[in-house]
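From first to last, the protein sequence lines stand for chains Y and A. So for the first sequence, my numbering puts the first residue at 1; every next one is plus one. So for the second sequence, my numbering puts the first residue at 1001; every next one is plus one.
Quick caveat, the hints were computed from the structure, so don't treat them as lab data. Here the structure is a predicted model, which means the values were calculated and not measured. Glycine included, each C-beta is placed from N, C-alpha and C at the ideal position. Just so you know, not all the hints are guaranteed correct.
Stated by the list, open to error - Each pair of labels, with its calculated beta carbon distance range:
1) A/Asp1221 with Y/Ile291: 39 to 47 angstroms
2) Y/Ile291 with A/Gly1138: 51 to 59 angstroms
3) A/Asp1159 with Y/Pro106: 21 to 29 angstroms
4) Y/Lys191 with A/Glu1322: 44 to 52 angstroms
Claimed, not checked - Listed next, the in silico DSBU-like pairs over lysine-lysine satisfying Cα-Cα at most 35 angstroms (straight line):
5) Y/Lys86 with A/Lys1139
6) Y/Lys191 with A/Lys1037
7) Y/Lys88 with A/Lys1037
8) Y/Lys191 with Y/Lys88
9) Y/Lys88 with A/Lys1142
10) A/Lys1139 with Y/Lys191
11) Y/Lys86 with Y/Lys191
12) Y/Lys191 with A/Lys1142
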Amino acid sequence: MLGPTATPEAIASLRTNLGLDHSLPVQFWIYLRNLAHGDLGTSWQTTRPVLEDLIQRFPATLELVTLGLLVAVLIGVPLGLASAFKEKGIVARIANFYGLGAGALPDFWLALVLIFVFYTLLQWAPAPLGRIDLAVIPPPPVTGVLTIDTLLAGDWNAFRSAVAHLVLPVFTLGLVNAGAILKMTQSTMEKMLQSEFSRYEVLCGMPHNLVVRHALRNALPPIVTIISVLYGFLIGGAVLVEMVFSWGGAGQYAVQGVLNSDFYPVLGFVLFSAIFSLFVYLAVDLIYFAIDPRISH
Amino acid sequence: MLAFTRTIEAERQSPATTALAIEGLRVEFPTVAGEPKVAIRDLDLAIRPGEILGLVGESGAGKTTLARSILNLPPSPGRISAGTVRFGGVDLLRLSERELQRRRGRDISMVVPNPRGELNPLLTVGEQIANIARVHLGKDRKAARAMALDMLRAVQISDPERRMNAYPHELSGGMAQRVVIAIALVCSPRFIISDDATSGLDVTVQAQILDLLRHLAQERDSAMLFITRDVGIAAHFCDRVAVIYGGEIMEIAPREGFFLAPRHPYTVMLLAAFSHNPRLRRAWTLPDARAGAVDPAVGCAYADRCPRAEAICRRVKPPLGELAAGHFARCHFPVERP
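Just chain Y, same shape as in the assembly (with noise of 0.2 angstroms):
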């Protein structure tokens, strides 16, 4: 921070305005005692509040982190049914493949196939340089998230802009995660499909969609989980898509921070993804609480 020819006494002065004069513990307690006053401390390279800095970067993780798990969602649950149904249909095997290849698929490397196809050679997605074109000028932030702020402020153009540059990280996102969640629905569904209840309802003469429509209730459970650990894993685990697309979120952010010793940004991001998980697994109990009667009891 102060350049190789720093003079001894800059050092010295330095150390103790920064606190690391005190012993490991006392710096603990002071971190703690001043994230009691919400204060995060402070990033020595953005040299702004890691608090501020987070509150800006957040919300662009999570729109993007939200709608990749959207397209994944759409594109595993039917997929997975659909394989569950017919175990050696065409579907099935399409979804075998797929699953297979999703989870072998590291999603940065999609990412710059993407980028390279519909970027470079079709020219259909703008670059792959932050949320919104330069030439663009981004409306006040409201919450942060730029879809919603853009329809905000009512300006189209803006809107246009930041769902195009949406496109091609979230489908990395949703493409590359989808896997999992096919799985979980297929393998569900088969036991479930397989079971005594749905057995007996077919003996009792009901029909198909019936008998599928009360498997998927009791198949619902594990696909939901499946997809909240993605959520909480997400916040982090999209960092490399972030970087490929010059995304500037909140992983981004933190990665940043690890590689220069930064560590107030490093620790401030791990507790914005502890809450945030934390949210995502109530909003879980509370789903299963709604979809299972013997939860309630």
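Could you slot chain A onto chain Y? The hints should help.
Same frame as chain Y, now just chain A:
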């Protein structure tokens, strides 16, 4: 020999007097070796309207396979390779899946064992009974619910209004069994298959459930195939009793004849096993049975275990011959009448 059996059955039981007739039914399970294992071997069985026919046999004799094959749903990976199941003028095994679906649960219904595992854990008892009424009888939601409530009353569940909204995990085994009976009977089926329905219950509850089942079946004039491992239950419950062994009917007779004058050695062994007479039991049980020495396609399936078996038993399959009025046994050397 099978033709012989079938003629007798056909003469004695014209279509007008049978609720359901199984003829030449064969169910096979594929094996790794290639040669399929025959679970039901060319089986003939006719059940008269309003009658309760008991089917007794050990585990693995083919009872459940038979029960499910009647509905054309043999346990996986079993396959029905021959035979007919005539019911209401049609062969159930030739019907389309859609036609079958309409009949299952409405005209032929099944009472299953282990009902708590068979009920859908996420639906209330009332919904599950009402669903059957809606699907099969085309009732609207309200009428179906009313029918479900009536059925819960009919199966004598205490506090039926409250139980309508109970989930399967909140029920005792006996209550769950009553619910399954309610589901089976809500459409007043002409034919009921009860597959070992009371096996998991306390003896006192068992008696109540059986009385209830018989009462409700009689009320609706439904015929019943009552499958059990318990000879004692069959003795109390059934009009006629059949014994199945290795996928074949070994003996079939009216209740009195069956219990007072059993003719097949296997039947005698089964009754002895249930009696508390150790001398009788020893006399009719072969300790060193070598299963598999006889090819059941050629000889008598029971020959390996039979104390009366002679050389002919291993060479020639005995026919199901009529030994007294309505009393059939598949044996070369039937036990003499006492």
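Open item on the list: Could you work out which of the previously given hints the structure breaks and list their numbers from low to high?
Closed with: 2, 3 and 9
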